[in-house]
Amino acid sequence: MRSMTLLTVLILVGAGTASGQRTAQEIIDHVDRIMRGESSRGVATMDVVTENWERSMTMEVWSLGTEYSLIRITAPKKEEGTATLMADDEIWNYLPRVDRTIKIPASMMMGAWMGSHFTNDDLVKESRLIEDYDIEVSHDGDREGVRVWELTLTPKEEAAVVWGRIEYQVRQNDWMPTWARYYDEDGALVRTMSFSDYRQMGGRLVPAVMELIPEDKPEERTLVRYTELEFDIDIDENFFSLRALRSGGR
Amino acid sequence: MMSRTSTLFRLASRNLRRYLRRTALTSSAMIVGGALMIFSLSIGDGGHEDWIESGSRMGSGHITIQAPGFKTSRKIEDRLSTAARANAEAALQQPGVAEHVISVVPQLAIGGLASSPTGARPAQIIGVDPVAEAEFSMLDDRLIEGRYLESGDRLAAYVGAGMMESLDLRLNSRLVLTAQDADGEISGQLVRVVGVFRSGVPEIDQTLVHIPLATGGAWLHSGDDVTTIAILVNGSRAVPSIQRALQRELATEIDNGELAVLSWREVSPELNAAVRIDDMGNYIWQGIMFGIIALGIVNTVLMSVMYRKREFGLLQALGFTPRQTGGLVITEGLALTAVSGFFGIALGLFLTWLFFRNGLDFSFTWDENFTFSGVVVDPIIVPLFSVRRVMQSLLFILTIGTLASLYPAIRAMRIDVAEAMKFER
Amino acid sequence: MKQQNNAAVRTEEIWKVFQQEAEEVQAVRGVSLTIEPGEFTAMAGPSGSGKTTLLNLIGGLTRATRGEVQVAGQELTAMSNRQLARLRLDQIGFVFQAYNLLPVLTAAENAEFPLLLQGVDVTERRKRVHSLFERTGLTGLEDRRPGKLSGGQQQRVAVIRAVVGEPALVLADEPTANLDSEASDQLLEMMEELNRELGTTFVFATHDPRVMDRARRLVRLVDGAIAANEQR
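Respectively, the protein sequence lines represent chains A, B and C.
Add 8 to the 1-based position in the first sequence for our numbering, that's all there is to it.
Add 7 to the 1-based position in the second sequence for our numbering, that's all there is to it.
Add 40 to the 1-based position in the third sequence for our numbering, that's all there is to it.
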């Protein structure tokens, strides 16, 4: 799940004349920004399967740029009303059962947001793939009958990222990502994100399903499926308040 | 009257000598008790000193100077202003303080997150001056792999064995630290592991990370600022007076809310509690022991009174007031206690020094890495001798002696003179 | 207040009753007695006649059940224990039948004890004790412990102690009972002499005929009451 942000996306499709780096950058940038709009609202389900348990949650998500987002769980009944607010680099949790709003300090942002395989890192920090990585097209051609680019992202010197390398596969015809593989510095694959169910939502082509599988525990996974998604809705910063956290944006 | 007191004393001491065997027995019990008391107090104090030293050297010193809100927030915005820091450092130079100070180190401490491909863990990140900190801290001595930070390091991190394991790191691994910077933004910093330590304290091994101060400042946009000035002094006993001296010297800054001068007790309340509880336990068993000894004293003094009913009767006939009679008994009891107690304390000091001045090895009772409340306990404890403890013990013994003589004194005062002086034909 | 007379001792209808288990023992029954300063008087009677109890009442060692006692003009029945102690120190000297001396002190230390309690300084104390020891032929025994003195010597030291503070009254309870005739005579000589020279009142409780002979006044007691009062 990516934060939503709007930056004007300039996609110069197929110009191809500029250096391979620039095109590669654009591809990744596009991928990066697929789920972002200036503002958005969506409904998604998240299924998490771990060694010890399985659960499924439905949530409503609002976001504004990279600074603001509000996620509210609507199902199951047990979790309904639990919400997380991210505003101005601060994170708040609301627990309806005890009617408590807790501020989460940076040091408490443990991995595993809501028990999934996503980290808070994935959530909170601005994703700056093109800023943090050098990008190269490592393969331009066919994979199983589909024309794809495979891109290799290597962290720039002193970039504050944990990965040793990230690889992306992107379909050439619609610039949709198919998978992303994350490697540590020793070159070992740590996790794989796969994208599927491409459809038009909110006026854009997006992969409605994203699945994250850790390499060391292949029986575990987290799957996110968007059932609704709209961009450029009419909300502003004031929407993202503690009150909204508790009331669920109503 | 001077000579009246001395005669009283002479009376008391000669009386004690009359019943030498009984006196000697009770006296021996008191001597042993006094010796044991000083022994256990010295060992206890020595152990505590060790804990305090250990906790101070792995944390923020015996005395810590911080901005007032920092203790609870641990956020970079609660750091010391340049002026406050300068004033604090100046205050540490003043006579009366400077000679007790062993080491002063600046630290930039924040709470944050440490991430690797495996995941993320909470981290206590401390930006340090590698050279100064190496001298100050015990952490560099706990090195198990790699090396400690050195001056000139930039993207280096010194990490605990616990974190290495939970984040699946090795030497030279990539580690991303995340925290809220001085502008309020959540920001990341890349570092590489140059050294690994094991302190034995789980929380420290799992969360503590040292990075160079300059790196921290650049990352968090706090420049040369620090959050903490950690001060090591030559012994925990000096702490209260030095804390007061610093608070006096920095009174203006404290009133303005620019800084606070905290002792290890305030910074590590769990450690403080641990020391107190340990002392309390010691006092309790000593109380029990002396309770028993006191009963012996009561018995001895009471018996000597009962055997001298006639004499006490005579004294009253001669004009001894009831108070003087009681006073004589208490003097006897007190003399017995005081002399034996004094001797016992002296003996205890001597024997403790003689046999254990290089430390008492407890490793037969504990296993190696006994830790609690953020400190590692060294199984070898060196006793700590102090005038304060000797005075405390003497006072305690004298009190016991007085209290134990109270009942016999009352009995003596109640002796019916006429009955006592009756001569049975 | 009852200022009036300067009798050394005055008792008025004094009673002393003891509770012994369920029985009541009337040791002294309504005795009224006046003893003038300078008297050398013996209270005589068989055992059980109450003479020791009467002596104790006069000396403030026992409290009267009924009646009044005055010594040197002061009323004893109203006094606190502390006041009684003070009175005994200042005005009364005691000589008991035996065990008069504190075994841990020397003869001289024993003798000077009342002066010590009164706060008299050491030079003065030594002087008085020494002169008394000389006068009564006990020089050389000052530094001996009671254990090293004969019975007679002990009693004589006790007498010195009794008079050293120049009290109004010396009370002696069977002082000769444990002594042989020679020692008794010596003791009584000494007491008579002190009575003459210092004017101290001496009151005895005794059934020793030798004491009764020397007494200038004899008060006979029977069953706790005065039976006879003889002047010699």
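No lab work stands behind these hints: they were computed from the structure.
Each hint should be verified, as a subset may be incorrect.
In silico DSS-like links for lysine-lysine, alpha-carbon gap of 30 Å or less [stated by the list, open to error]:
#, chain 1, residue 1, chain 2, residue 2
1, A, Lys86, A, Lys111
2, B, Lys429, C, Lys188
3, C, Lys167, C, Lys188
4, B, Lys316, B, Lys429
5, A, Lys85, A, Lys111
6, A, Lys225, A, Lys86
7, B, Lys429, C, Lys167
8, B, Lys316, A, Lys111
9, A, Lys164, A, Lys225
Far from chain B by the CB rule (all over 12 Å, computed), these chain C residues [claimed, not checked]:
#, residue
10, Leu73
11, Glu76
12, Asn96
13, Asp130
Model, not experiment: these values are computed from the prediction.
Note that beta-carbon positions come from the ideal geometry of N, C-alpha and C, so glycine has one too.
Verification of the supplied hints:
A C-alpha spacing of about 22 Å is found between A:Lys86 and A:Lys111, which places the hinted pair at or below 30 Å, so the restraint holds. A hinted pair counts as satisfied when its Cα atoms are at most 30 Å apart, and B:Lys429 with C:Lys188 qualifies at roughly 24 Å. Between C:Lys167 and C:Lys188 the CA atoms are separated by roughly 23 Å; this keeps the pair inside 30 Å, and the hint holds. This hinted pair checks out: B:Lys316 and B:Lys429 have alpha carbons roughly 11 Å apart, not beyond 30 Å.
A distance of roughly 24 Å separates the Cα atoms of A:Lys85 and A:Lys111; the hinted pair therefore holds under the 30 Å criterion. Taking the CA atoms of A:Lys225 and A:Lys86, the gap is near 28 Å; set against the 30 Å cutoff, the hint holds. A hinted pair counts as satisfied when its Cα atoms are at most 30 Å apart, and B:Lys429 with C:Lys167 does not qualify at roughly 33 Å. Restraint check for B:Lys316 and A:Lys111: the C-alpha separation of about 79 Å exceeds 30 Å, so the hint is violated.
Restraint check for A:Lys164 and A:Lys225: satisfied, since their Cα atoms lie roughly 29 Å apart, inside the 30 Å limit. Non-interface status of C:Leu73 relative to chain B is upheld: no Cβ of that chain comes within 12 Å, the nearest being about 19 Å off. Distance check for C:Glu76 against chain B: the nearest CB is about 24 Å away, which clears 12 Å, and the non-interface claim stands. At roughly 5 Å, the least C-beta separation between C:Asn96 and chain B is not larger than 12 Å, which violates its mark as non-interface.
A beta-carbon of chain B is positioned within 12 Å of the beta-carbon of C:Asp130; the least distance is around 7 Å.
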